[in-house]
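J.: Residues per chain, in single letters:
4 protein chains.
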Amino acid sequence: MRFFSDNAAPACPEVIAALSAANTQDTAYDGDALSQALDARFSELFGTHVAVLWVPTGTAANCLALASLCPPYGGVVCHREAHIQMDEAGAPEFYTHGAKLLLADGPGAKLTPESIAEVIDPIKDGVHWVQPHAISITNATEYGLAYSPDEVAAIGKLARDRKLGLHMDGARFANALVHLGCKPAELTWRAGVDALSFGFVKNGGMGAEALVYFRSDQIEAARIRRKRAGHLQSKGRYLAAQLLAMLDNDVWLRNAAAANAGAAALGAAAADRLVYPVEANEVFVRLSQDEAVSLRDQGFDFYDWGVGEARFVVAWDQDASAVRPLADALTALSVPA
Amino acid sequence: MRFFSDNAAPACPEVIAALSAANTQDTAYDGDALSQALDARFSELFGTHVAVLWVPTGTAANCLALASLCPPYGGVVCHREAHIQMDEAGAPEFYTHGAKLLLADGPGAKLTPESIAEVIDPIKDGVHWVQPHAISITNATEYGLAYSPDEVAAIGKLARDRKLGLHMDGARFANALVHLGCKPAELTWRAGVDALSFGFVKNGGMGAEALVYFRSDQIEAARIRRKRAGHLQSKGRYLAAQLLAMLDNDVWLRNAAAANAGAAALGAAAADRLVYPVEANEVFVRLSQDEAVSLRDQGFDFYDWGVGEARFVVAWDQDASAVRPLADALTALSVPA
Amino acid sequence: MRFFSDNAAPACPEVIAALSAANTQDTAYDGDALSQALDARFSELFGTHVAVLWVPTGTAANCLALASLCPPYGGVVCHREAHIQMDEAGAPEFYTHGAKLLLADGPGAKLTPESIAEVIDPIKDGVHWVQPHAISITNATEYGLAYSPDEVAAIGKLARDRKLGLHMDGARFANALVHLGCKPAELTWRAGVDALSFGFVKNGGMGAEALVYFRSDQIEAARIRRKRAGHLQSKGRYLAAQLLAMLDNDVWLRNAAAANAGAAALGAAAADRLVYPVEANEVFVRLSQDEAVSLRDQGFDFYDWGVGEARFVVAWDQDASAVRPLADALTALSVPA
Amino acid sequence: MRFFSDNAAPACPEVIAALSAANTQDTAYDGDALSQALDARFSELFGTHVAVLWVPTGTAANCLALASLCPPYGGVVCHREAHIQMDEAGAPEFYTHGAKLLLADGPGAKLTPESIAEVIDPIKDGVHWVQPHAISITNATEYGLAYSPDEVAAIGKLARDRKLGLHMDGARFANALVHLGCKPAELTWRAGVDALSFGFVKNGGMGAEALVYFRSDQIEAARIRRKRAGHLQSKGRYLAAQLLAMLDNDVWLRNAAAANAGAAALGAAAADRLVYPVEANEVFVRLSQDEAVSLRDQGFDFYDWGVGEARFVVAWDQDASAVRPLADALTALSVPA
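Chains as they are written, first to last, in this note's numbering: chain A, 10 to 346; chain B, 10 to 346; chain C, 10 to 346; chain D, 10 to 346.
Hints listed in this document are in silico derivations from the structure and should not be mistaken for laboratory results.
Hints may be right or wrong, so weigh each one.
[Unchecked claim] Dumping the calculated BS3-like pairs for lysine-lysine here, alpha-carbon to alpha-carbon at most 30 Å: (1) Lys-172(B) - Lys-172(D); (2) Lys-133(B) - Lys-172(B); (3) Lys-192(A) - Lys-166(A); (4) Lys-172(D) - Lys-133(D); (5) Lys-133(C) - Lys-172(A); (6) Lys-172(A) - Lys-192(A).
[Unchecked claim] Listed next, the stretches of chain C that the computed footprint assigns to chain B, with coverage defined by at least 3 CB atoms under 8 Å from CB atoms of chain B: (7) 56–65; (8) 184–194.
[To be verified] Chain A is faced by these chain D residues, among others (derived, beta-carbon under 8 Å): (9) Glu-102; (10) Ala-329; (11) Ser-330; (12) Arg-333; (13) Leu-342.
All C-beta atoms, glycine included, are put in the ideal place defined by N, C-alpha and C.
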C-alpha cells in the first residue's frame, strides 16, 4: 500500500468528469470561457480581487511567483528544507535568472520572523552582497505543519517592514486550511501574502495548479513569463476545468479533509514515535531500521526521511479502511513482542 | 465556424478514454508504467532507439530541444517566420540562456541549404560573433508546406558538414507525414534530425507533446532541464496516456488525414487564390477586405495573415461536412456576381 | 600603417599621466575620491544631474544599459548592423537574460522614427510576442554617421510616446559631437536619451568607458549589475582617473577633432568613391579587389567591409602627416593610369 | 593607517612602468604581442601547457571558471564563507546561468574531502536534486590559511573520483605559495586543479588577473564567455603588460613575501589573540569593542569580522616600518594597564 506521496494518487472523479465536459471546441490558450472564469471564481473564494494563472506544476507556480517578487540579482529567504531549495532542481534560479535562495532554519521547516531576521539582518547594505527581496514559506510545511493566520501575519509584517515580497507555496494549502479551520483570506492576503501557489494536484487534481496573485502590479509580467516558460497550454481550458471542478461543491476541502483524517489516524496510532504533530496529511515517525523493514515486508511503501525517521503521506483517496492496516501495523510496532 | 486554429478543437475521444483508463494510482513523475513505455513505443515507430520526454506544449518541446543543441553563447538558424522566432515570446532565449536566433529567408517559411548558408557563411570565425550551433526547421512549415525526406536530408547533410545540430519543430509533423506518405524514420533521423518536437495537441491531444531525441548523449541533461523548467508533472502518466492512445491504432495518422482532407477541400475550392499549395491542414488564400468581411458575416472565423491574405486551419474533428460550407463560400467568392 | 581600428591606438599621454598620479592608496572599488568625483564632473558637462559608472568596455556599458531598460522577456529595437547585434557575441542577451533584439533597417546603420515604427507597429499586443521596451541607437553610427540633436529628439519622442527607453551607444560619441558642434546635453537627455555609453577607449583612453544615466530610478540596480558582472574593479580609481583626465582641458574633444580631421582628409581624397559622407572618424570607400591589394601592398592596413567596400578608421593619434600617405594613395587610385 | 584591504594599495612601480612601455599601437583585443605571449610565459611558470585569459577582476576570473566547469543546472561545492558565495553579488549565478552553490563547512573557510563529501553524499541521484559538477576552493582562504599541495591533492582526488571539476580561487595565490615555499605546479595541476583564478590585483597589480586553464577543452568557450561578458578589453595589451611585468623578476613573489612578512609581524605581536595562524597576509584577532575603539583612535583602519574579532590585511607595499606601529599597538593591548 502506497504512502510514498500524494502524487501517486489518481485524479478525483469530479476532475475526470470536468475534462469530459470541457471537451468541446473553444478559444485557444486562456481565451476560453473556463479560463476566463477563474479570476472571478477565485476572487469570490478569497473575498478580494485576485488574478489567477493555471499552470501544470507546483514548481512552475512557485518559480513564476518568485520571478515576480525578486530580480535576478536579489535573494529569496526560505527554509533550508523548503521544496524550492531541496526538490526543484534549481528551477527558482532558472526562472529568476539567478537569484539566490537565502536559507533560514527552524524546526519542522517552519520560518518565524526571528529566523528570517537571523538571515537578513547580517547582510550588509551594498552591491557586494545579495540583498533580500522576498520571503517564501510553505503552508503546510514540508513536514506537514500548518502556519496559522497569526504566524503568517507576523511574517507578513516583517515582509512589509523590510519591503520584501511574500510568497506562499501552498502545495498542501487545502490541508493546512482544513486543519486550521480558517478562511482562505485569513491565511493569505490578509496576512500579507502577495502570491500563492495554490496546489490542486496532490489534492485530487490531474495536472493543474493555480498561481494566485493578490497584487495587481505583477500579473501582466507573470502572464508573459508563463508563456515564455512554455506553460501557456494551447488547450488551457482543460486546466481551468480541473480547478473549477475542485472548487465546485468544495471538493478541494472534502479531499483535503479526507487525507488529513487518514493522517490523523496514523498519527494516533504512532503517537509515541511522532517527530512532529500531525496537522496536515503527512506523518513523520521515528522508525528503527528493523521496524522499517518489517513495515515494508507487510507491503507498506514509504520514504525514509533522514536517519531513523520515515514519512508517510496520505492521499485524498485513502479513506479510513485504506489507512487502517498501516495504523494497525504502526500500533503493533510499539507493543513489546 | 472556426478555422482560427487547430488548438481550438477538442481532444479526440481516444484521448479522453485514455485519461479515464489511466486514472489509477501509480508512481509519480515519469516512473509510472505508461511513461516508462514511451521509449519502446516510439522506438518501434521510428525504427531506431529513441528517448522520449512528454511535455505539455510545443514551446516546451522546442525550447528544451534548442537548449540541448545550442550553448548560451551560440546561435540557432531558423526561418524568419518560424514559430520559435515569432510566437514563443522569447522562450528559446529563456531556455537556452540567451542564444541568438539567426534568421534565414525563403518562401513558405521553408529553409534550404542555400538559404541557411546565406546566413552562416558570412559569420566570421572569432569570439565577437555569435557562431551557429544548430538549425531548426518546422515540418510542416508555418505556411503548411511539407519538407520532403530529401529536402530534410539536404539540410541534414549541411548540418553534419558544419557540425550543427538539427531540430525539427513538428507541431504538425503528422500532417506533413500523411501528405508525404513516408515513414517517420525517413523524415527524421535518417535525414539527420537530432531532436523532434512531435506534436499531438493540435492533432487531437489534450495537453501532451513528445520530445523525441535521436541522440543518446543529450537525453540526460534534457530530463534535468524539463524538471528545472517546471515541466516534470507529478502525475505524468496522464501525458503518457495521451501519447500512447494516439499512437495506438494510428489515431494520430487518422486525425491528421482528416484535417488534411478538409484543407485539401478548401484548397480545391480556392485554387485560384492560394498563396501556397495546400500540403497539410492550413490554407492560405488571397482575400480582399470585402471578401474577408463577407466570409466573417457568414460566420467563418479565421486570421488575417499579412495584408490581403488569410489563414484557414482545419482541425482533426472537422470532416467534409464541417468544411463544406466554407468551401462553398470560397467558391462563391470567386464567381462574378 | 594602421587604419584597422581606433582600438589599435595607444592611450593618450594625459591618461598615462593620470594613472601615475592616481597611484596612491585609496578606498577600494568606487569609494575612492576620483570615482566619487565622477557624478559631479559629468553632471557639469551635461548640465543636469547624471549618475556615472565606469566600466572597462563599451560592451559592458551597452549591455548594462540595456539590462536597465529592458526586462528579460522584452525587446530592444536596434539597427540590423548595430554593434550590439553584430559584434558583441550575444552580450546583450547575456546581460538582459534573453531579451530579443528587434532589427530595423536604414542606410548607414541609422534609425528613424519611421524605420523603428516599421518594426514595432506590426507586433501584436499579447503574451505570444516579444514586446518592445527600449530603443538603442549608435552615435556616431557603425558607418560613421552622426545623428543630429533633432534626429535623436525625433526618436526620443517616439520612445516617450510608446513608453520605450532610449539608449545611445556612444562608442564614438565624441566624434559625433565634434562633427555636430553641439552640446552634450542637446544630443542626449534633452533629446530623450535615458542612458549613454560614453566612449573613451577608442578616443585615447586605455580601459575606461563611462555609462551615464540620466534617469535616477535605474542607477541603483545598475550598480548591482556592474558588480554582478565582475566589472566593479577593486582599484576603480584607475578607471575614474582616465575619465577625468580626458574631460580635463577637453582632451576628449581635442582627440576626437584630430581623428575626425584625419578622416575628413581621407574623405576628400576619396570623394568620388565614398559610400557614406564622412562625419566622424571612419571612412567607407568603394574599392575594387585590385585596388585593395594595391593599397595593402603599399602598407596600409584596413578591413574589407562587405563586397567591394573597405573601412578606414583614423585614431586620435594620427595627425595630418600620418594620414597623408593614405590620402595620396587613395587619390592616386582614382587617377587613370 | 590602512589595514582594511589589500585592494586599497597602489599598483607597484613595475606595473606602472609596464603600462607606459606598452603604450604604443598594437593589434586590438588580445591579438597584440603581449597578450599573445601569455600562454607561453605562464606555461613556463607552471611547467605544463596552460591557456591564460586576462580579466580585470577576480570575480570575472572566478565566474568564468565556474561557467566552464558547471552547467546551468548543476552545483558547485564551496565553503559557506567563500568569496564566491559571500561577496560577489550573485555573479556565479549570473555567469553560470543559475547554478547553485552547495555550501560546505570547516574552520578557516577551508574545505576537506570529508567536508565536501558531507555535502554531496546526501544528494540523491535524480532530476529533482541539483547535482554537483565542480568544487571551488580558495587558496589562501578567506581567513588567510594556505592549503598545502597535499591538501589540494586530496580534494583533487575526490574531484576526479566523483567526476567534478576543481577550481581554485587564487586571489591570494602568491601569498599562499610564498608561505608554502612550493612550486606553482604542485599547488595546482599536479594536485588536480582544472582552472585557477590567479590574482595579481591585491598583490600590486592595477586591474588585471589571470584566469589559467590547465585543461585544453575549456578554453575556447571561456574565450567566448569573456567577450560575451564584456571583459574582452579592446586594448587588452595593457592587462597583459601588467601580468608579464609582475612575473618578470618574480615581482609577484617579492610583493607577496613582503605582505606576508608584515602579517607575520602582526601575528607575532598578537600571538595570544589570534583566531587563526597567520599563513598569508591576513591577520584575524580577537578584539574587544574597547580595544577596537582604541586601535581606531590611534589611526588604524580595519574591518570587524564577526563579533569580537577583527581582520587586518597587509598589502605588498607595507613594509616593516609601516606595520610596526600596529604591531606595537597590538602588543600594548595585551599588556595589563
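J.: Each hint: holds or not?
T.: Evaluated hints:
1. Among the hinted pairs, Lys-172(B) with Lys-172(D) is consistent with the structure: their alpha-carbon atoms are about 27 Å apart, no more than 30 Å.
2. With a C-alpha separation of about 16 Å, the suggested pairing of Lys-133(B) with Lys-172(B) holds against the 30 Å cut-off.
3. For the given pair, Lys-192(A) sits about 19 Å from Lys-166(A) by alpha-carbon distance, which is consistent with the 30 Å threshold.
4. For the hint linking Lys-172(D) to Lys-133(D), the alpha-carbon distance of about 16 Å falls within 30 Å, and the restraint holds.
5. Only pairs whose Cα atoms come within 30 Å are accepted, and Lys-133(C) paired with Lys-172(A) is rejected, the gap being roughly 35 Å.
6. A C-alpha spacing of about 26 Å is found between Lys-172(A) and Lys-192(A), which places the hinted pair at or below 30 Å, so the restraint holds.
7. For the stretch 56–65 of chain C, the proposed coverage by chain B is not satisfied: 0 residues have a C-beta within less than 8 Å of a C-beta in that chain, short of the threshold of three.
8. A count of 0 residues in the stretch 184–194 of chain C with a Cβ less than 8 Å from any Cβ of chain B is obtained; the coverage claim is therefore unmet, three being the minimum.
9. The beta carbon of Glu-102(D) is positioned within 8 Å of a beta carbon in chain A (closest approach about 3 Å), and the interface hint is therefore held.
10. About 32 Å separates the beta-carbon of Ala-329(D) from the nearest beta-carbon of chain A, more than 8 Å, and the hint is not met.
11. Checking Ser-330(D) against chain A: minimum C-beta separation of about 32 Å lies over 8 Å; hint violated.
12. Below 8 Å, beta-carbon pairs count as interface contacts, and Arg-333(D) has none with chain A, the closest being about 31 Å; its hint is therefore violated.
13. Taking 8 Å as the C-beta cut-off, the interface hint given for Leu-342(D) is violated, the closest approach to chain A being about 26 Å.
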